[in-house]
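Chemist: Given next are the chains, with one letter for each unit.
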Amino acid sequence: MKLYCLSGHPTLPCNVLKFKSTTIMLDCGLDMTSTLNFLPLPLVQSPRLSKLPGLVLKDGSTFLDKELKECSGHVFVDSVPEFCLPETELLDLSTVDVILISNYHCMMALPYITEYTGFTGTVYATEPTVQIGRLLMEELVNSIERVPKAQSASTWKNKEVQRLLPAPLKDAVEVSMWRKCYTMPEVNAALSKIQLVGYSQKIELFGAVQVTPLSSGYALGSSNWIIQSHYEKVSYVSGSSLLTTHPQPMDQASLKNSDVLILTGLTQIPTANPDGMVGEFCSNLAMTVRNGGNVLVPCYPSGVIYDLLECLYQYIDSAGLSNVPFYFISPVANSSLEFSQIFAEWLCHNKQTKVYLPEPPFPHAELIQTNKLKHYPSIHGDFSNDFKQPCVIFTGHPSLRFGDVVHFMELWGKSSLNTVIFTEPDFSYLDALAPYQPLAMKCVYCPIDTRLNFIQVSKLLKEVQPLHVVCPEQYTQPPPSQSHRTDLMIDCQPPPMSYRRAEVLTLPYKRRYEKIEIMPELADSLVPLEIKPGISLATVSAMLHTKDNKHVLQLPPKPPQPPTSKKRKRVSDDVPECKPLKPLLSGSIPVDQFVQTLEKHGFSDVKVEDTAKGHIVLLQEAETLIQIEEDSTHIICDNDEPLRVKLRDLVLKFLQKF
Amino acid sequence: MPEIKVTPLGAGQDVGRSCILVSIAGKNVMLDCGMHMGYNDDRRFPDFSYITQNGRLTDFLDCVIISHFHLDHCGALPYFSEMVGYDGPIYMTHPTKAICPILLEDYRKITVDKKGETNFFTSQMIKDCMKKVVAVHLHQTVQVDEELEIKAYYAGHVLGAAMFQIKVGCESVVYTGDYNMTPDRHLGAAWIDKCRPDLLITESTYATTIRDSKRCRERDFLKKVHETVERGGKVLIPVFALGRAQELCILLETFWERMNLKAPIYFSTGLTEKANHYYKLFITWTNQKIRKTFVQRNMFEFKHIKAFDRAFADNPGPMVVFATPGMLHAGQSLQIFRKWAGNEKNMVIMPGYCVQGTVGHKILSGQRKLEMEGRQIVSLSQFAHGIQGKVAPDSQHLCSPPLLLQLEVKMQVEYMSFSAHADAKGIMQLIRQAEPRNVLLVHGEAKKMEFLKQKIEQEFHVNCYMPANGETTTIFTNPSIPVDISLGLLKRETAIGLLPDAKKPKLMHGTLIMKDNSFRLVSPEQALKELGLAEHQLRFTCRVHIQDPRKEHETVLRVYNHLKGVLKDYSVQHLPDGSITVESILIQATAHSEDQGTKVLLVSWTYQDEELGSYLTSLLKKGLPQSSS
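Chains as they are written, first to last, in my numbering: chain A, 1 to 658; chain B, 1 to 629.
There could be a bad hint or two in this list.
[As the list claims (entries may be wrong)] Taking lysine-lysine and the DSS-like style, the derived pairs with C-alpha atoms no more than 27 Å apart in a straight line are:
id : chain 1 : residue 1 : chain 2 : residue 2
1  : B       : Lys410    : B       : Lys339
2  : A       : Lys374    : B       : Lys280
3  : A       : Lys354    : B       : Lys127
4  : A       : Lys374    : B       : Lys303
5  : B       : Lys515    : A       : Lys550
6  : A       : Lys582    : B       : Lys621
7  : A       : Lys510    : B       : Lys515
8  : A       : Lys20     : A       : Lys515
9  : B       : Lys529    : A       : Lys657
[Claimed, not checked] Chain B stretches covered by chain A per the calculated footprint, using a threshold of three residues with CB under 8 Å from any CB of chain A:
id : stretch
10 : 84–98
11 : 279–290
12 : 470–481
13 : 520–533
14 : 605–616
[Said to hold, decoys possible] Which chain B residues stay away from chain A? Per the calculated CB distances, all over 12 Å, these:
id : residue
15 : Leu21
16 : Ser23
17 : Ile51
18 : Gln53
19 : Ile102
20 : Lys115
21 : Asn119
22 : Thr122
23 : Lys132
24 : Thr209
25 : Arg215
26 : Leu222
27 : Lys223
28 : Lys345
29 : Ser579
If you are wondering where the hints come from, they were derived from the structure by calculation, not from laboratory data. C-beta: ideal position from N, C-alpha, C; glycine also.
With the hints as extra help, turn the sequences into a complete structure.
Modeler: Okay, here's the thing in structure tokens:
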């Protein structure tokens with residue numbers, strides 16, 4: 001069992017597990033932090049951005065000034081933003097049999113894998129994961145494609161050149177793996193390879209392995225996966241939450257008795273309490289609006305936004321915000337809000353109960369009905385007519401590099417009345433803001449990450465008791481910025497095995513058994529013998545059929561001749577075809593009884609001699625000698641086959657066969 | 001021999017009161033718990049005393065499964081769980097769990113409030129009953145206990161309808177509930193994988209019908225509605241509020257839009273909007289097309305179809321009215337029918353199956369003069385099958401003393417099978433998909449079942465059963481026995497064999513250890529070791545006399561060459577100490593003590609090499625070939 005680690009990002013994993021005869025990719029997360037090195041893509045040309053000075057290197061050379069721009073001491077690539085792909089060279093990805101997706105954030109690299117590597121397998125994901133994943137991809141493609149950028153910078157990626165650049169570009173890793181965004185046809189092709197699955201559905205892979213998604217409690221349709229055969233169990237835990245938000249709660253019990261537990265997707269902000277952050281979010285929002293400012297919330301079109309809207313639904317009236325317009329701008333805003341209402345089966349109990357009434361599970365339906373929340377595909381069209389300030393705007397992308405958020409950053413950045421509130425934990429907010437500096441706008445950081453924290457992890461591990469834990473190396477040491485916080489790492493026994501990008505781990509496991517089926521006809525022919533109280537044995541001679549990794553035992557074509565009654569024909573000239581199988585023997589032979597038996601069978605001249613270890617039985621006339629010891633019998637005779645067979649059968653009467 | 005026992009308490013050679021007991025590998029499962037539309041007395045519910053006379057039902061049943069929300073499949077559930085008493089788990093899909101209590105409450109209201117029955121389940125009992133329900137996802141494997149697992153498959157038919165696989169070890173049963181093998185305008189087709197159950201229990205409502213293509217039926221339906229409306233007639237379509245109604249509404253809505261028709265379409269009950277809301281929230285259970293487009297346009301928001309008011313029935317001019325219930329046995333559909341029946345310009349279209357005794361059944365069988373008695377009509381009202389409209393106020397006067405009415409039906413009566421059951425072709429198709437070893441028919445009429453049974457036995461060569469209510473069918477299964485084989489043994493056996501062809505069956509030998517109900521197949525050596533027993537070695541040494549005057553080592557060389565020539569596939573070795581081995585068989589030569597011209601070959605082998613050893617001695621006995629060397 002081997003684990004190929006293709007991504008170094010702990011919350012956007014991409015690993016390949018080789019298990020029995022299958023090759024299983026676990027998630028294909030796309031590391032988008034690379035986009036932070038790029039200039040934002042404004043919807044309308046921004047004079048500020050276009051006037052940024054080109055980079056002049058230390059030695060005065062200016063050959064990069066078209067590709068790289070400086071803004072407030074930071075250098076940015078002036079090009080179409082690019083993403084960092086998982087490793088594609090560590091193993092031949094066309095050999096991947098299946099891809100298991102744990103949640104919609106962890107499938108963003110899917111088109112790169114399925115469309116460019118010769119992948120011919122199947123992708124498994126739940127219906128909400130696919131639908132919302134599609135929305136995320138659609139939004140991403142849309143926000144990049146609608147602002148065509150002539151320039152695609154590549155000179156700076158040259159290793160010799162990159163060495164000369166200021167940080168962080170100098171230290172950017174895997175720049176050769178950075179790729180432009182995929183297109184909608186590629187997205188559609190990738191998504192068409194997905195097969196929908198439900199929680200606790202058992203999916204057979206080639207008869208060798210069974211995979212099962214379990215609710216992980218983090219997002220609509222988010223799953224952990226069990227990968228098991230009859231004797232080994234690997235749990236893949238990725239992006240799980242124990243908090244009660246909108247999704248169905250996490251299924252912990254099914255993770256028990258794992259041989260290996262692969263743990264990824266823990267909270268990125270282990271020190272922040274999500275509930276506290278939501279409170280801070282609301283109060284900052286209210287304060288800004290009361291002072292006549294606008295609030296910008298850079299966010300993904302699905303996920304935490306549902307919870308934020310629900311909080312606001314309860315909060316706005318009491319906070320006197322009933323007249324403030326809330327706008328949700330995204331090409332997929334409408335779809336996201338609609339889809340959230342139809343996944344009753346994937347929701348927490350409270351929300352399910354609402355659907356039974358029947359009422360929409362999320363209160364944002366009411367916010368829309370009462371016109372408190374309005375949604376638009378973009379800032380063009382209806383929005384420009386309806387736009388009233390002060391207001392609250394939810395829009396993407398959280399990296400602040402593309403999407404409608406760029407427009408509002410430029411529009412509102414100069415006024416200290418306005419506030420941008422960061423709720424998504426995926427990007428460092430300081431890095432995100434860098435190309436907009438200097439900013440007058442207030443910036444509030446309320447990252448809401450509901451995924452497991454280290455206290456919850458250690459509780460979970462105590463509960464489910466895996467034999468081995470495998471996790472990204474980041475989880476085996478305290479965060480670099482808080483090196484004294486030894487509580488912010490995984491603590492378990494035996495210590496976790498850690499991996500980093502491009503590493504291959506050999507996972508410990510010891511398989512000793514396999515499942516086999518005994519056909520009823522064969523079962524009927526078996527003769528069990530009670531050897532000890534409660535323990536019976538039966539010797540089995542059967543045909544082994546193996547098909548689709550399933551083993552079946554059937555009656556042999558001819559019933560095997562039991563050795564005791566063997567009246568084999570004299571050997572013909574045919575050489576025996578293959579090694580015949582004879583049982584092992586056990587027991588011992590009581591000499592007195594043996595002699596009696598011999599006499600009963602017509603041997604009249606039996607003579608017994610004692611030896612150091614046992615006895616020798618002599619049949620004088622036949623010139624035959626039988627040595628009998630505790631654990632062995634040796635028949636020495638002339639080449640008289642009938643006699644030998646007769647003696648053999650008499651000896652066998654006293655022994656047990658195995 | 002292991003067996004599966006099936007006893008229908010309802011739906012055995014009958015439609016209605018579906019309730020089937022299944023015993024499989026020591027587990028008892030009840031499939032559906034319905035009421036009967038044709039009865040008014042004790043017979044309306046299954047006879048649960050069959051399960052146990054005085055014990056607790058919970059002790060006898062491991063679980064109850066409800067296939068869908070129609071009352072003939074779930075109508076007896078609160079009675080069963082709260083009045084007879086059952087506290088075990090009840091499984092159904094999410095939409096069924098959502099809609100079922102509404103239908104039950106409606107049924108209760110009609111029976112208790114209108115009919116005045118007292119010994120009936122209460123609203124609280126419905127609530128308590130629903131608390132015992134566990135909702136299941138499609139394809140989710142639900143572990144009822146350690147051995148018993150169930151799995152739901154999509155069945156079409158109505159929103160949330162499911163087929164269920166019940167599995168214990170390698171034995172399994174599939175129960176279809178009601179299903180539909182052709183997708184319609186709002187639901188998809190039933191689907192099941194090749195799960196090869198020991199028994200498939202299938203409905204057989206349309207056992208003998210083969211319906212023409214859906215498109216033809218739709219065209220006919222639209223043509224008839226259109227013609228009637230064109231000539232100024234009124235069209236009555238009796239439906240149940242959930243199910244066919246939505247499909248036909250979508251059909252008419254799109255037709256009206258395309259043809260730009262102006263005649264009004266009404267839907268009769270206040271429940272419609274609520275019903276449509278369920279469809280909107282459970283849109284993932286509808287068909288592909290509706291799911292794909294729901295963001296742009298929700299198919300369950302109708303533009304042309306408006307709420308019906310009682311007064312509209314007397315309006316002049318054409319109109320189309322959907323009214324509940326679907327079998328014309330009570331409520332608004334019956335009232336409208338009575339008003340319109342006398343006019344030959346009008347038309348009633350029956351889009352589904354009608355149970356015997358209902359007005360719907362009568363007019364479909366050609367009866368044109370109906371004797372209607374007030375009381376009889378009301379007593380029928382409790383046999384509601386779907387969401388029942390609030391019974392209209394004027395049904396009150398029907399309770400007044402019997403009043404015999406002669407009603408002549410002059411309006412046209414049309415039957416269009418839109419009822420979402422599989423037809424004969426569909427049933428055969430499902431059998432082909434699932435590949436069961438036995439088939440058992442329920443939910444159909446005996447005569448039609450008989451026909452289908454023959455057809456199934458002919459085409460699939462499997463046994464087909466059709467027990468009556470209370471009659472037990474026993475099916476013998478022959479499950480194979482799963483055991484654990486030690487990997488060492490399996491690998492050894494797959495390595496043996498001259499050709500490394502993994503697909504070719506191989507002979508293997510092992511020892512099965514049976515201990516505390518666990519079965520392990522291990523190599524004999526391991527079995528001995530585990531039991532702490534020593535091996536007893538049985539060895540044979542045969543003296544073979546050969547006439548050969550040559551020196552011993554030359555004899556040995558001749559023997560060696562001879563064996564090497566004959567036993568090409570074996571490892572034959574000549575050892576430095578002068579002995580020969582064939583595999584593990586040892587051959588040594590000595591000169592005869594008395595006769596130098598005779599050599600004695602000692603051939604020695606263990607019992608495990610018996611075949612080869614015996615073969616070698618007989619081979620050597622024949623002497624060595626004459627050779628010049």
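Chemist: Would the hint linking Lys529(B) and Lys657(A) be met if the CA-CA limit is 27 Å?
Modeler: Since the Cα atoms of Lys529(B) and Lys657(A) sit roughly 14 Å apart, the hinted pair holds (cutoff 27 Å).
Chemist: Against the 27 Å threshold, does the CA-CA distance of Lys374(A) and Lys280(B) hold or violate the hint?
Modeler: Given that 27 Å is the threshold and the Cα spacing comes to 21 Å, the pair holds.
Chemist: In terms of Cβ atoms, is chain A entirely out of 12 Å range of Lys223(B)?
Modeler: Nearest chain A Cβ is 35 Å from Lys223(B), so the label holds.
Chemist: Closest CB-CB distance from Lys345(B) to chain A, is it above 12 Å?
Modeler: The assertion about Lys345(B) holds, with a minimum of 39 Å to chain A.
Chemist: Does the no-contact call for Arg215(B) survive, Cβ to all of chain A over 12 Å?
Modeler: holds, 27 Å
Chemist: Holds or violated: is the Cβ of Lys115(B) farther than 12 Å from all Cβ atoms of chain A?
Modeler: For Lys115(B), whose nearest Cβ neighbour in chain A is about 27 Å away, the distance exceeds 12 Å, so it holds.
Chemist: Three or more residues of the stretch 605–616 of chain B near chain A by CB distance under 8 Å?
Modeler: holds (count 8)
Chemist: Does Lys621(B) lie within 27 Å of Lys582(A) when you go C-alpha to C-alpha?
Modeler: holds, 24 Å
Chemist: With 12 Å as the threshold, tell me whether Asn119(B) passes as away from chain A on beta-carbon distances.
Modeler: holds, 28 Å
Chemist: Just double-check Thr122(B) for me: nearest Cβ-Cβ distance to chain A has to come out over 12 Å.
Modeler: holds, 19 Å
Chemist: If we take the beta carbon of Lys132(B), is the closest beta carbon in chain A still more than 12 Å away?
Modeler: holds, 15 Å
Chemist: Closest CB-CB distance from Ser579(B) to chain A, is it above 12 Å?
Modeler: holds, 16 Å
Of the numbered hints listed earlier, the single one contradicted by the structure is hint 19.
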